[in-house]
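A.B. asks: First to last, the sequence lines map onto chains A and B. Using the numbering used here, read the first sequence as starting at 1371 and increasing by one per residue. Using the numbering used here, read the second sequence as starting at 428 and increasing by one per residue.
In case anyone wonders, no lab produced these hints; they're calculated from the structure. Watch out, some of these pointers could steer you wrong.
[As the list claims (entries may be wrong)] Below 30 Å or equal to it, Euclidean Cα-Cα: the simulated DSS-like pairs (lysine-lysine) are:
(1) Lys-615/B with Lys-1496/A
(2) Lys-1496/A with Lys-613/B
(3) Lys-615/B with Lys-536/B
(4) Lys-1525/A with Lys-637/B
(5) Lys-1525/A with Lys-1585/A
(6) Lys-1496/A with Lys-1525/A
(7) Lys-613/B with Lys-637/B
(8) Lys-1525/A with Lys-613/B
(9) Lys-1496/A with Lys-1476/A
(10) Lys-1599/A with Lys-1585/A
(11) Lys-615/B with Lys-637/B
(12) Lys-1476/A with Lys-1525/A
(13) Lys-637/B with Lys-1476/A
(14) Lys-1525/A with Lys-716/B
(15) Lys-716/B with Lys-615/B
(16) Lys-613/B with Lys-1476/A
(17) Lys-615/B with Lys-1476/A
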Amino acid sequence: MLLEIDNITLLYGRIQALHGISMQVEQGEIVALIGANGAGKSTTMRAISGLRPIASGRIMFEGEDISNVRADLRVIRGISQSPEGRGVFPGMTVRENLDMGAYTRKDSAAIAQDLDRVMDLFPRLKERERQQGGTLSGGEQQMLAVGRALMSRPKLLLLDEPSMGLAPMLIQQIFTIITEINQQGTTVLVVEQNAQQALSRAHRAYVLETGNIVKSGTGPDLLHDPAVKAAYLGVA
Amino acid sequence: MNFDDLFRGFEELTITGLAQGSVYALVALGYTLVYGVLRLINFAHSEVFMFGTFAAVWIWGVMGFDADSSRPAVWLALLLILVAMVFAALVSGGVAMLVEVSAYRPLRKRNAPPLAFLITAIGASFVLLEFMALPFMSDRRQIGMPPMLPTAPIISVGGWEVNPLQLMTIVVALVMMFSLDWFVNKTKFGRGIRAVAQDANTAALMGVNKSRVILLVFLLGGLMAGVAAVLASMRTGYTRFNIGFFLGIKAFSAAVLGGIGNLRGALLGGLLLGLIENYGAALFGTEWKDAISFLVLVALLMFRPTGLLGESLGRARA
Ligand SMILES: Nc1ncnc2c1ncn2[C@@H]1O[C@H](COP(=O)(O)OP(=O)(O)OP(=O)(O)O)[C@@H](O)[C@H]1O
Ligand SMILES: [Mg+2]
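Next up, chain B with everything else stripped away, as it sits in the complex:
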């Protein structure tokens, strides 16, 4: 164990962890929303994220920016990022809804058992993966992202340095999450979502269209994943057909850590996972980064099987 590294890099590890955790949290929301309403782990959600990264590359390419471009002026970069976020959110939201309509809805019509949904989820994930891998990049290489934001710290107080991308990631993620929380808890559509999550039959007796609510839930999860995709790929600097795989597992773990089915749990779980990962890597070495987060998850689940905040979309307050 290397406490020196942990203490010396504490500020940086914290900021990096929070930024990474914000991305986990945004993606975790997609898992948690769908689980809360359908009791289904939507494994294809990692590919919904992946499509978001490609949407960003594509729209930037159309506007004349690729990996070889020079860094644009700040105002232009902000504009480009905004455009990419909107576009990626729409693409990811669309893909998520497509998965629901083409894969899950037919199963529901036939009253399929939960196992059929699980296998279908994995299948849908592979279909989307290969859709991107096969025709569009036959050599399965990675595609570089154009440089966007300046890298010099924008906030610097004591040892705490935050670069523009980290600041943007944390702020955007928080804004998205609080908007979603408001939408689910305070609007009529949100009430419809909670009604279906808590008791689908009674919700139908209130006149709630279950299919439409489910579609909305996939859309919301997709929108969050699309925005997360833009933020995440600006950090990694590239995307690949399988970029969603590990991130998906991490985000899913974050959802479980916070309490799957619980929106605020996704936020808490995501941020915690980001921090734990970074502190753990400093303490035990980078090669342990992934293992540590899962160890913590397993340990926590032994004591709190429903995660930190418990499930709530379906039962108590979302």
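Just chain A, same shape as in the assembly:
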């Protein structure tokens, strides 16, 4: 088991955002996390990447308890998050942003290789290498955020709404890229509003509702689940 979340709760001040969530991600999987606005999807991602401390429960990564490990050290262990709202450094060029993704790495030859790979995945980024992150279009920033997350060569890639603000064609494209990355060996946990895409690409998925996991199953199963269809796929 690559990631094992065991009954975690999380508080924002007095507001409880997660009420005892458990989920697992196996090596090599794409796992999707879907749910309505405010369900706690991003919060779950923050708990895994370490941006927010959990109040109780346990987060295990590669068999070790990382619940109390600082966010920057979790990156070194192999967890990389592309945050909601993208988090592109506005005052850095595209290239510098990508270099930030490899901040913890020292293997410069392999970094150069990964840079080429990201540029191949997103040719748009190559064209804009010298442009400031803050002046990129929303979609370009999204590509940059995903590409940057890849630059740490993560074992587990956390993507929080990678399709947000993208044109339909680009959404298709970004999910194709996610599948590609996965086939190259990276495990992916993806949060998505676009449940249709997420469920059809994911091996497994969890449904989150007001801080609780209410359903889980394989992607295809959930895709055909009547309740999921009604709530998240916009089909009655």
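Got chain A sorted already, so can you dock chain B with the ligands onto it with the hints?
C.D. replies: For chain B with the ligands alone, kept in the frame of chain A given last:
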């Protein structure tokens, strides 16, 4: 207004202003770096500077030079100054890091509100001030600096005369500032600093250790202040426990003038403030020297609230 004085002394006023402005700029960098990353005005920075001046006196004293010594040979003076700069930079850098670790870091751990940081900054400043004032100089007198560089002009072209200390001050300050600019914009550590300044959470997601970056920022500011301390106290010829007070305010103003959070703004603001002060003093009389620089600052902020170059460490390019 006395335009005669301004015109007659123009060359000298300019050179003095640039030398003084270089010192402001070096100290301003400390304010601007910390502000850029933490959005905090580190009031204790003036005392970081003050410790640098005492470090210089002390190390020169250890090497057998005090206010009563005669002027050493030029090569020896240069060597002594170099030693003092390195030592003062280390002491000031150390004090700056100590303030961060003992005063600010505990507040960050507790998610303290900005006001708590502000009060703590003022408190830290007083602690350092009294640390120097109480035990080491009970009568709070000033301590003289040993004479170092010859005072005769080293450059003399037309009406432009530059003495060795002025030349050294301007050159050293520029070299330090360009090195810092390079470090922040071109190295990996510098990128880490900019990342934390622009978005601390995302920086953590990149594996940047925020505490270490903050410590580095205090160290860099301290190093600059220590070098500035040696240059400044050779000019004043003495130091006192409260020598940092006015200089700190001036340097802070320089940082605001250029755009706080902006490294190149600190350079521009410092040099401008030095010039304005000197021209203003000639024009309106020396007693107006300090008032004029603040008037200019206030007037400028009315038109450009973010200073001449705007903030940049946090947003656009540093
Ligand atoms: N910093 C915060 N302080 C207080 N409450 C917060 C904070 N961040 C999130 N919340 C609350 O926690 C709950 C879960 O938020 P979260 O961002 O995880 O939702 P989400 O599932 O990602 O929603 P969306 O699809 O809109 O992104 C929400 O009710 C939200 O208001
Ligand atoms: Mg969200």
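A.B. asks: All hints, please: hold or fail.
C.D. replies: Here is what the structure says about each hint:
no.	hint	verdict
1	Lys-615/B with Lys-1496/A	holds, 21 Å
2	Lys-1496/A with Lys-613/B	holds, 20 Å
3	Lys-615/B with Lys-536/B	holds, 26 Å
4	Lys-1525/A with Lys-637/B	holds, 23 Å
5	Lys-1525/A with Lys-1585/A	holds, 26 Å
6	Lys-1496/A with Lys-1525/A	holds, 25 Å
7	Lys-613/B with Lys-637/B	holds, 19 Å
8	Lys-1525/A with Lys-613/B	holds, 29 Å
9	Lys-1496/A with Lys-1476/A	holds, 22 Å
10	Lys-1599/A with Lys-1585/A	holds, 13 Å
11	Lys-615/B with Lys-637/B	holds, 14 Å
12	Lys-1476/A with Lys-1525/A	holds, 17 Å
13	Lys-637/B with Lys-1476/A	holds, 19 Å
14	Lys-1525/A with Lys-716/B	violated, 62 Å
15	Lys-716/B with Lys-615/B	violated, 42 Å
16	Lys-613/B with Lys-1476/A	holds, 17 Å
17	Lys-615/B with Lys-1476/A	holds, 11 Å
Hint check: violations occur at hints 14, 15; the rest are consistent with the structure.
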